[in-house]
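As they're listed, the protein sequences go chains F and H.
Numbering follows this note's numbering, with no gaps: position 460 of the first sequence is 1554.
Numbering follows this note's numbering, with no gaps: position 41 of the second sequence is 44.
Hints are computed from structural coordinates only; laboratory data are not their basis.
Simulated DEER-style distance windows between Cβ atoms: (1) H:S17 to F:D1345: 34 to 44 Å; (2) H:E38 to F:D1345: 49 to 59 Å; (3) H:W43 to F:T1339: 55 to 65 Å; (4) F:T1339 to H:I99: 32 to 42 Å; (5) F:D1345 to H:E151: 15 to 25 Å; (6) F:K1160 to H:S100: 45 to 55 Å; (7) H:E38 to F:Q1238: 45 to 55 Å; (8) H:K50 to F:D1650: 19 to 29 Å; (9) F:I1229 to H:K66: 51 to 61 Å; (10) F:F1333 to H:W43: 54 to 64 Å; (11) H:K50 to F:V1237: 54 to 64 Å.
Okay, derived cross-link-like pairs now, DSSO-like style, lysine-lysine, Cα gap no bigger than 27 Å in a straight line: (12) F:K1118 to F:K1606; (13) F:K1118 to F:K1131; (14) F:K1392 to H:K55; (15) H:K50 to F:K1532.
In this text, all values refer to a predicted model and were calculated from it rather than measured experimentally.
Beta carbons are placed, not taken as given, at the ideal position from N, Cα and C, and that holds for glycine.
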Amino acid sequence: MAESHAHAHEPHGHAHHEPEGWFKHYFWSTDHKMIAKQYLLTGMLMGVVGAYFAYVFRMQLAFPGKPVPGYGMVTGADYNALITNHGAVMIFWVAMPVLIAAFGNYLIPLMIGADDMVFPRLNRLSYQIFLVSAIILGASFFVQGGAFGGAWTSYPPLSAKAEYNLTPLGPSLWLIAVALEFVAFLLGGINFVTTAMNARAPGMKAFDIPMAVWMIVIASIMFMASVGPLVAGAVMLLFDQLIGTGFFDPDRGGDPVLWQHLFWFFGHPEVYVVLLPAMGFVAEIITVFSRKKLFAYKTVLYTSIGTGVLSFFVWAHHQFIAGIDPRMANVFSVTTVLISIPIAEMCFVYIATLYGGSITFSVPMLWALAFIGEFLVGGVTGIFLGASGADIYFHDTYFVVAHFHYTFFPIAIIGTFAGITYWFPKMYGRHMNELANKVHFWITTVAFNGIFIPLFILGASGDHRRIFDYSNFPELATPEMQAMRVFATVSLLVLLAAQPIFLVNFFYSMFKGKQAGANPWNANTLEWQCPSPPPHGNFDVLPDVYRGPYEYSSPDRADDFWPQNSPS
Amino acid sequence: MLEHYMKQGSSYASHIDGLVWMIFLMVGFWFLFAEGMFFWLLWRYRKKPGEKAAYFDEHAEHKIKYNWVEIPHRLILVCDVALIVGAISVWTEVKISMPQTDETVRITAQQWAWTFQHAGPDGELDTMDDITTVDELHVQLGKTYKFELASKDVIHSFSVPLFRLKQDAIPGRVITGWFKPTLAGEFDVQCTEICGIGHGIMPAKLHVDTPEEYAAWLANPSHYLAYHY
Chain F
1095 MAESHAHAHE
1105 PHGHAHHEPE
1115 GWFKHYFWST
1125 DHKMIAKQYL
1135 LTGMLMGVVG
1145 AYFAYVFRMQ
1155 LAFPGKPVPG
1165 YGMVTGADYN
1175 ALITNHGAVM
1185 IFWVAMPVLI
1195 AAFGNYLIPL
1205 MIGADDMVFP
1215 RLNRLSYQIF
1225 LVSAIILGAS
1235 FFVQGGAFGG
1245 AWTSYPPLSA
1255 KAEYNLTPLG
1265 PSLWLIAVAL
1275 EFVAFLLGGI
1285 NFVTTAMNAR
1295 APGMKAFDIP
1305 MAVWMIVIAS
1315 IMFMASVGPL
1325 VAGAVMLLFD
1335 QLIGTGFFDP
1345 DRGGDPVLWQ
1355 HLFWFFGHPE
1365 VYVVLLPAMG
1375 FVAEIITVFS
1385 RKKLFAYKTV
1395 LYTSIGTGVL
1405 SFFVWAHHQF
1415 IAGIDPRMAN
1425 VFSVTTVLIS
1435 IPIAEMCFVY
1445 IATLYGGSIT
1455 FSVPMLWALA
1465 FIGEFLVGGV
1475 TGIFLGASGA
1485 DIYFHDTYFV
1495 VAHFHYTFFP
1505 IAIIGTFAGI
1515 TYWFPKMYGR
1525 HMNELANKVH
1535 FWITTVAFNG
1545 IFIPLFILGA
1555 SGDHRRIFDY
1565 SNFPELATPE
1575 MQAMRVFATV
1585 SLLVLLAAQP
1595 IFLVNFFYSM
1605 FKGKQAGANP
1615 WNANTLEWQC
1625 PSPPPHGNFD
1635 VLPDVYRGPY
1645 EYSSPDRADD
1655 FWPQNSPS
Chain H
4 MLEHYMKQGS
14 SYASHIDGLV
24 WMIFLMVGFW
34 FLFAEGMFFW
44 LLWRYRKKPG
54 EKAAYFDEHA
64 EHKIKYNWVE
74 IPHRLILVCD
84 VALIVGAISV
94 WTEVKISMPQ
104 TDETVRITAQ
114 QWAWTFQHAG
124 PDGELDTMDD
134 ITTVDELHVQ
144 LGKTYKFELA
154 SKDVIHSFSV
164 PLFRLKQDAI
174 PGRVITGWFK
184 PTLAGEFDVQ
194 CTEICGIGHG
204 IMPAKLHVDT
214 PEEYAAWLAN
224 PSHYLAYHY
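Throw the hints in and build the complete structure from the sequences for me.
What follows is the structure, given as C-alpha cells:
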C-alpha cells in the first residue's frame, strides 16, 4: 500500500526550473505563493489607505469643523467620499484579497499537497485585474468633482445622476473598479474550487480536507453564485450614469429599489464569503494550540454549508424600511433569525474544541481566541437588527455600524492577524518577534472595543449614520454623546498607533527573524510537511495522505501530533 | 432600556422598546453563557506540565456533541420562535396595520429639506386652508396621523427617533404609514438615508403640540402669507 503511493508524483515544477529574472519572479510569476504575497501586500497597503480614511472622518466626528492633521478641513462632500471608500476599500480591497485571495492562493495547494494551482496563468491574470481595479479606485479621488460619496451601497438615484451626487466621474470609476474587482475574484474562485476538487494528494478524501480549505472553497462557491446579479446591476447602473438609460430611474419607468435587491442579494452572502475563511483559520489554529482534534468536524462543515445556503435568503433584511412590501419583512425576519442556529452551533463547536485541551497562548492562538470572543458580540447584536420590529429603530443608526464592525473587524483584521502570525514561519521561514506581536495584539484588541462599544450606546440614543457634523441635530449634539464620539476617536488613534509595531515586525522578521524550520507549531496539515519557505513546486516528493488533519494527542502515539502524510 | 437613551413619544414606542428588551434578555443570556464557558475552558485547560490533551474518538464525540450542540440547538430554536413572534407582532402593528386616523400629513423630502403639508383648520388635505411648512412639522398630542411620504429626487429616510419611526422615501412612490404622538415638546426629525453632500444638514423640527398650542399655531396668519401657494 505504502509502496504504491510512494513512487511518485514527481512535482513538475522542478523539471523546468530555470533561474528567473527579477521582474518575472516578483511581477510575472505564476507561482501561487508569489501571487498570494502580491495579494497580501496589496491588501495590507489598501488596509493602510482604508485606515487613513477612518482616521480622517473619525477626527471630524470628534472635533467637527477643526482641520484634521494630515488632511485639512473635512467638507460634507469629503466626508461622504471618505466613508464610502472606507467601506468599499476595507471589504473589497482588504478583506477579500487578504482572506480569500492571499490565503486561498497560499494555502490551498500546500494544504492539499499539490505543486501549484491548476490554472496558474488565470491566477496571475486575477491579481493583475485586481491591481488595475485598485488603481482605478485610487484614481477616482483625483478626477474632476472628486471621489464617489454615495455610500458603499451606492443606492440610485443618488449614485446614478451627477446632478444629485455632484461628482460627475467618481461614481463611474468607483463602479468600474468594483466590477473589475469582482472579475478578479471570479477568476480566483474558479481556480480555488477546481484546484481543491482535482489536485488533492492521493488519499485525501472529503473529510480529510483541512477546514481552512473547505471554508475558502465554500466561500468561493458562494461568491460566484451571488456576484452575477450584482455585476449585471453594476453594468445597468453604469449605463444609467453614462448613457442615460433608466433602469433605476423612476422618471423613466425604472425602480431604484431594484438596485437594492441586486446589491444585497450579493451583499449579504458576501459577509459569509469573508467570514468563512476566517473561521477556517481559527479552526486550524485552535486545534494546533490546544493540541485537540477539531470537535465535530462534520458539524462545522455542514453548518457552514447551511449558513451559506441560508444566507441567500436573507438579503431583504437590509431593506425592511426601504419601501418594500412590509409583509415581505416577515419572511426575511424569519430566515434571518434562523441563521442564528448554524452560527451559534459553529461557535459552540469551536468553544467545545477547547474542552479537554492543553492550551498554549501563543500569538496566533490569542488572535484566534479573540476572534471567537469578539465575533460573538457581532453575532448577538445582529439579532436586534434581524428582528424586523426592533430594526425600525436601529436601522441606519450607529448600532448597525457597531454591529457590523464587530463582525468585520474580527473577520478582516483579527482573522488576518491570526492567519499572518500563524503562517508567517511557513511563508518566510522565520519567526516574528513574539513580544512585539503580543504588545500589538493587546493594544489592538482593547482599542477595538474602545472604538465600538460607545457606538452601540450612540446608536441606542438614536444617532444616525453618515452625518459629518451633528451640531444640526440638537438631540444628537449633547455633551454626553459628543464625549462618546471623542472616546471612540481616541481609541481609534490608539489602535492606529499600535499598527506600526506589527508592520515593522513583519518586514524586519521577514529578513532577520529567528529561523523557524519546517514545522514550528508541530502541526498535522500538509503545508507544514514541506520546507519553509516552500520552493517553487512546494514538496520534494508530493505527499500521500493517510488520515484527517486534526489527529492531535492520539493515545496510540508518543508524539501529540500525527502529520497527515505520515504512513504510521 | 431604550427609554433611558431616547424618550418614548408615540403609542407604539413602548412596544418596540419592549421587543428590544426581550431580545436583550435572550441574547444577553446566550452571550454571557458562551463567553463564560469560553473563558472558563481557557483557564481550566491551559497547558500544564506533564498533562496531555484529551482525544475523543467518534463514540465519545457523539456523546459530548449532544450536550454541546444538540441541546443549545433546541433551546436557541425556542428563543428564535419567541423572538420571531415578538418581532412580527410589533412590525405588523407599526408597519402593516393602518388604524383609524384623525388626520393626514404629507411629507415630501428633497435635497436637502423637508416639506410638510398639514391639513389646516378643516382637517382635510388638499383644501385651500392647508398649511405647508419647510423643516417644521406640527402635530397634535394624542391624535392619530396617517402620513404620505414622497421624495422629489433621491432616496431619503424620514426618521423620528422619539416615535421609533423610520421609513425611506422613494422617488416615484408615495409610501403611507401612521403614528400617534404621546409626548408634547420639540423634537428632531432626521434624514437617515445618505442623500448627497447635504445629508448632514437635513434636520427638521417636530412640534408635538397640546390642543391649545396647536390652535394658536393654526391661527398664526404668517402661514397664509409666507408658505401658502
